[in-house]
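Chemist: In UniProt numbering, the protein residues as written are 1 to 390.
These aren't lab readings, by the way, just hints derived from the structure by calculation. As the structure is a computational prediction, the values presented were derived from the model and not from experiment. There may be inaccurate statements among the hints.
Unchecked claim - Listed next, with one range per pair, are the computed distances between beta-carbon atoms:
| # | residue 1 | residue 2 | range |
| --- | --- | --- | --- |
| 1 | Q209 | K369 | 40 to 50 Å |
| 2 | E56 | Q189 | 55 to 65 Å |
| 3 | F343 | E56 | 35 to 45 Å |
| 4 | K45 | E328 | 50 to 60 Å |
| 5 | G358 | Q189 | 20 to 30 Å |
| 6 | D317 | W208 | 28 to 38 Å |
| 7 | T374 | I259 | 42 to 52 Å |
Heads up, the beta-carbon is just placed ideally off N, CA and C, and yes, glycines get one too.
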Amino acid sequence: MPNRENPNSYKYIEFYKDNEIESFYQSNGFDVFFFMDIFGEYLKKKHVGLFFFSIEKLLKCIFVYRIYSIRELRIFLVFELRVNFSIFILKKIKPSYIIVGYDILFPAYFQLAANELQIKTIALTERQFVMHSENLPVFVDYYFIPGDSFNRVIEKNQYSIVEKTFSIGLIRTDYAFELQKKVKVKKNQVIIFDFHSEEVNSISLLSWQNNLLFYKDIYKLISNFPQYEFVIRGKNILWTKLAYFQEIFLKLKQLRNLIISDIDEIGESYRLLVQSEYVIARVTSIAEEAIAMGKKVIFHENFLEGRRDILNLFGLDNMALVSYDANELIESFTQIIDSSHDFRDFKKIIDMYSIADGKVRERYLERIKVIFETVSRKDFVFSDSVKSIS
Numbered sequence: 001m002p003n004r005e006n007p008n009s010y011k012y013i014e015f016y017k018d019n020e021i022e023s024f025y026q027s028n029g030f031d032v033f034f035f036m037d038i039f040g041e042y043l044k045k046k047h048v049g050l051f052f053f054s055i056e057k058l059l060k061c062i063f064v065y066r067i068y069s070i071r072e073l074r075i076f077l078v079f080e081l082r083v084n085f086s087i088f089i090l091k092k093i094k095p096s097y098i099i100v101g102y103d104i105l106f107p108a109y110f111q112l113a114a115n116e117l118q119i120k121t122i123a124l125t126e127r128q129f130v131m132h133s134e135n136l137p138v139f140v141d142y143y144f145i146p147g148d149s150f151n152r153v154i155e156k157n158q159y160s161i162v163e164k165t166f167s168i169g170l171i172r173t174d175y176a177f178e179l180q181k182k183v184k185v186k187k188n189q190v191i192i193f194d195f196h197s198e199e200v201n202s203i204s205l206l207s208w209q210n211n212l213l214f215y216k217d218i219y220k221l222i223s224n225f226p227q228y229e230f231v232i233r234g235k236n237i238l239w240t241k242l243a244y245f246q247e248i249f250l251k252l253k254q255l256r257n258l259i260i261s262d263i264d265e266i267g268e269s270y271r272l273l274v275q276s277e278y279v280i281a282r283v284t285s286i287a288e289e290a291i292a293m294g295k296k297v298i299f300h301e302n303f304l305e306g307r308r309d310i311l312n313l314f315g316l317d318n319m320a321l322v323s324y325d326a327n328e329l330i331e332s333f334t335q336i337i338d339s340s341h342d343f344r345d346f347k348k349i350i351d352m353y354s355i356a357d358g359k360v361r362e363r364y365l366e367r368i369k370v371i372f373e374t375v376s377r378k379d380f381v382f383s384d385s386v387k388s389i390s
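Generate coordinates for the entire structure from the input sequences, incorporating the hints supplied.
Modeler: In structure tokens:
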């Protein structure tokens, strides 16, 4: 990294408060500040102008975009104010480049602010989901993607604009690759990954209700295959303590061929992934990493709202199986444990995710150094990067 001896040239912007990550960057010589820390300064300097700014944007929304819904007007205005606040922050910092840990953590309003000020942005793909969602647009200059066929996904996304891409693989597979040298695979072990969920969420797939359906179907599956060892690895262990999940949690605990992982460390998820022969998951980033690593994966999505064509929606045909209820889950599991048949198209997997060879970080650093060589001013801003899990 250029100018590393001068820590003042590196700043870390935190959009979501996390004391552990904040401490990590501070200990490595970064100036760290929370996105909202200078909101007071922004209001103090802009308070009069904000009134006229808001009126202008509302009039434009009504008379140009023909939006009349109070709810939609409020959403539009809040977004425009966030863009304006982001421009204020970037003018204060004056970076040449913004380096983003993962695309999904980089708010669209900040991306637009950077684009408005012609500040170059560098982002890393965490999973396919972002490029298949109109709610998570990507406007970046340099985009590190898993594989070449991901370019076709970008081209189809009318909500995103990317100047240049680099195919390098999924960066967290490097950690799993190193673990493969130390951890022995258990041929009859199945790892189960759930999804982050909340009691009430506007995004239905994040609801407690859908996660409960997932656990109920998992219970039926495990009961039908006593000869296999199952491990449930939740997004966190909070669900095991919530009254909403207690009935199914107690039923799961009674199963002799099930372990519910309660080790609260990110690295444990990858150790269990490497150790397991099969993967059952909701649509998560670690499940896509499992596909890249050559694991047999079932995406299980039993939604209260009905079926979604997960495989086509995320371009995962011939890479994984999908099930939508307990019976389909049992059928899919019967299929993946059948050693006489393999449903996967390995060429398609490599085209989408490249090879999980343990050298993704190396390729990333090589490319990013070339980009840095073109920078005239040595001011860098790191936006919600993710610290190493090793």
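Chemist: A separate judgement is required for each hint: does it hold in the structure or not?
Modeler: Structure-based check of all given hints:
1. Q209 - K369: 40 to 50 Å: holds (47 Å)
2. E56 - Q189: 55 to 65 Å: The hinted range 55 to 65 Å holds for E56 and Q189, with Cβ atoms some 60 Å apart.
3. F343 - E56: 35 to 45 Å: Given range 35 to 45 Å: violated, Cβ gap about 55 Å.
4. K45 - E328: 50 to 60 Å: holds (58 Å)
5. G358 - Q189: 20 to 30 Å: holds (22 Å)
6. D317 - W208: 28 to 38 Å: holds (30 Å)
7. T374 - I259: 42 to 52 Å: Distance hint for T374, I259 holds at roughly 51 Å.
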